[in-house]
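**Student:** Using the sequences plus the hints, can you model the full thing?
So the sequence lines, in the order shown, correspond to chains A and B.
Heads up: the first sequence begins at 0 in numbering that gives the first Met the number 0, then just goes up one per residue.
Heads up: the second sequence begins at 0 in numbering that gives the first Met the number 0, then just goes up one per residue.
Source of the hints: derived by calculation from the structure; they are not laboratory data.
For clarity, every value in this text was computed on a predicted model and none was experimentally measured.
Beta carbons are placed, not taken as given, at the ideal position from N, Cα and C, and that holds for glycine.
Hints may be right or wrong, so weigh each one.
Below, in silico cross-link-like pairs of lysine to aspartate or glutamate (EDC-like), each with a Cα-Cα straight-line distance of 20 Å or less [unchecked claim]:
| hint | chain 1 | residue 1 | chain 2 | residue 2 |
| --- | --- | --- | --- | --- |
| 1 | B | Lys30 | A | Glu188 |
| 2 | B | Lys42 | A | Asp189 |
| 3 | B | Lys145 | B | Asp117 |
| 4 | B | Lys30 | A | Asp523 |
| 5 | B | Lys42 | A | Asp271 |
| 6 | B | Lys30 | B | Glu63 |
Pairwise CB distance ranges (calculated) [said to hold, decoys possible]:
| hint | chain 1 | residue 1 | chain 2 | residue 2 | range |
| --- | --- | --- | --- | --- | --- |
| 7 | A | Glu172 | B | Gln49 | 16 to 24 Å |
| 8 | B | Tyr24 | A | Asp271 | 25 to 33 Å |
| 9 | B | Gln65 | A | His184 | 33 to 41 Å |
| 10 | A | Glu278 | B | Tyr24 | 24 to 32 Å |
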Amino acid sequence: MNQTPQSEAGDGPEPSKPATQADELGAIRDLLFGEEKRQLDGLQERIEDPGLHAQDVGRVLPQAVTLATTENENLGAALVPAVETALKDSVKRNPARLANAIFPIIGPAIRKSISDTFSRLVQSLNQTLGHSFSPQGLRWRLEAARTGKSFAEVVLAHTLIYRVEQVFLIHKETGLLLQHVTAPHIRHEDAGVVSGMLTAIRDFARDSFQVSTAEALQTLQVGELNVWVEDGPQATVAAVIRGQAPLDFRTALQGAIEEIHALHGAQLEAFDGDAAPFETTRPILEPCLQIQFAEGTPGGKSPALPLLLLLLVLAPLAFWIAQSTVTGRRWSAFVEHLRSEPGIVVTTADRRDGQFVVGGLRDPLAIDPASLLEEFKLKPDKVSGQWEPYQALLPEFILKRSEALLQPPSEVSLEVQDGRLIIRGRAPGSWIAHALAQAPLLAGVHAIDATGLVNDTLAALASLQRQIEQEVLFFESGLTLKEGQEARLASLAGGIRSLELGARQTGRRPQVTIVGHTDASGSDDQNLRLSKMRADHVATLLASRGLPQELLESIGVGAREPLAPDATETEPTRHRRVTFRVRWLEEAVP
Amino acid sequence: MIQKKICMIGAPSVGKTSLVARYVYSLFSEKYLSTVGVKIDRKDVRVDGQDVTLMLWDLAGDDEYQPLKPSYLRGAAGYLLVADGTRQETLDHALDLHWRVTRSVGTIPFVLVLNKSDLAGQWEIDPAQIKPVAEDRWRVLRTSAKDGSGVEVAFSELARDILRPGQDRRTIPDPA
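**Tutor:** Spelled out as structure tokens, the structure:
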């Protein structure tokens, strides 16, 4: 290529000259292009080495993707097949991974869908209710009956401003249907055939009026139906509208067809009859299924008003029914409870003029039915009782009656067994006499068992008698009491008085004998006189303390009853004393 | 499912609409043919194990009052070129239509159908007339919309040609 003229002349080789020239040229070339050559070699190496090439691409890839996404939307469309394949492979390998990834958005999406559906349902209900309770609604009902249409259809016909019933996505060149969405409960013909005919009719109109291919029929009107068509380069979107849609709905259609072209431009261009890739256009087309009513909008006031009125009518009714049901159940429970209560026999339980009436037989000792009303949450003014008194012969009631009548002291217990009243414990004689007299009169008491009952008065008198008879008052000499005997004398007087009072309850009268004693010194006659004097002296002292004279008697025994046989000589003062004896007189003191 | 647009093309009264009526239940009445100039029906078929939906565009018979509208041919995947076997001129008309269709939408699969085979006694088309097109590897079939013979085959063959464009055509039956 870079052969020199000398080499072409062929004058014979000069062994050193060509080599020198080549070296020189190489040196010159290196001087001139050496740096560029090294750069080119480096670039070639980067291109041919997959590892280095991948590093280079990886370095600029994020920036390139960002740039391509902002400048046009072809990259997104181009990536769709790859992303779809990747997703399919991912699901095939491990479905849980993708499920976990989309889990956070699945719940909100479902909730939103349910919320939308419920909102539409409420709106529809409000709409129907609103017209059901108005004069206009009644007229429409008559119209429905006259025309044979359903009430809903008549309401719809009168209140609907517009409703988009169907939306077609049509391949522009072939007229084949790519996607079709419909509003709920809309009947429609074969969408594929309609799609073709719509295309044909538009072609017919275009051909008939000699307009350019860019222009086309954009609106068709048939009765209440309008068909609005918006074209894109490859596809057409056609909306079947009942009523008059606002002009800005056309903007919505334009937006939809533009979005579809942006997302599916390449697929539309390569369309060969397979509409499966356009399944993803459904979320774009479905928002075009709009609806608007003349009266009431979701969240508006007028639909809520009839609902409120209905609630105002129904709420008290529902409350009354619920209240009646609840009160009825409480009443039944109350009556059942009364039937199980001892001492109550229910013979009547019913409602009269809005009032609950219960009646029958009731032992006065049984529970008061009125006291149970609060427990069963029944109002006292709504319940009246008609009770006849009777005496229940249940053991518990016999016992209650016995306790009420006899009022036993705290140390006495009562028990009823087979009609026998068993009394146990300690009681004063007066109570015992009262109980034994009254108990046989109690209903249900056939016998009395008082073997376990101790007469407390007799026991007390016996004890008191023992205390008095153990008492001794000592004398210093003559009739002079020893120091400290005055206090004992006072205590003795109290004891004798108690004995006398207690004995009255038993129908007996005590007689206290004061026995005077002397030591053995002196003659017997002297000792007898002195001992009698000592007894009389004590009797006088006791009488001075309020004891009746007839209660007391005094005798003297001299030294005949020494205190202790061996103490006679050594401790003479111990024999100088008076002692006491108690005897009982049977005749009662009036 | 794959959809394909197929056009029915031919002179007036060759039996295009009757062939479609024999093949599918029509949603629309024939009045569309005289008004819009086309009536569309749909037929789901299974060809060599593949389901395909044929959207049949029955175009009004081409005449001086209602000439064939090229716009209706746009996007067609194939067509049935229909002639009346009892009328020689309809074959000539069909050949002319074929030329016009090719010029409008390019070369696409088609089947030449000689209809009214039930009227054998009135048959006018000589096999020799078919020979040139047969040599050009056209698919030519005889049908009768009246007794249904050949109708299913005609549509199926066309669908097969559309779905398998590279396949060799089979033997052309003798139209005589």
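**Student:** Next step is simple, just say for each hint if it's right about the structure.
**Tutor:** How the hints compare with the structure:
1. Lys30(B) <-> Glu188(A): The given pair, whose Cα atoms are some 18 Å apart, holds under the 20 Å limit.
2. Lys42(B) <-> Asp189(A): The given pair, whose Cα atoms are some 11 Å apart, holds under the 20 Å limit.
3. Lys145(B) <-> Asp117(B): Given that 20 Å is the threshold and the Cα spacing comes to 7 Å, the pair holds.
4. Lys30(B) <-> Asp523(A): The hint is violated at about 173 Å.
5. Lys42(B) <-> Asp271(A): 17 Å, holds
6. Lys30(B) <-> Glu63(B): 19 Å, holds
7. Glu172(A) <-> Gln49(B): 16 to 24 Å: 22 Å, holds
8. Tyr24(B) <-> Asp271(A): 25 to 33 Å: Between tyrosine 24(B) and aspartate 271(A), where Cβ atoms are some 27 Å apart, the hint holds.
9. Gln65(B) <-> His184(A): 33 to 41 Å: 40 Å, holds
10. Glu278(A) <-> Tyr24(B): 24 to 32 Å: Holds - the Cβ-Cβ distance for glutamate 278(A) and tyrosine 24(B), about 27 Å, lies within 24 to 32 Å.
Violation of the numbered hints given earlier is confined to hint 4; every other hint is satisfied by the structure.
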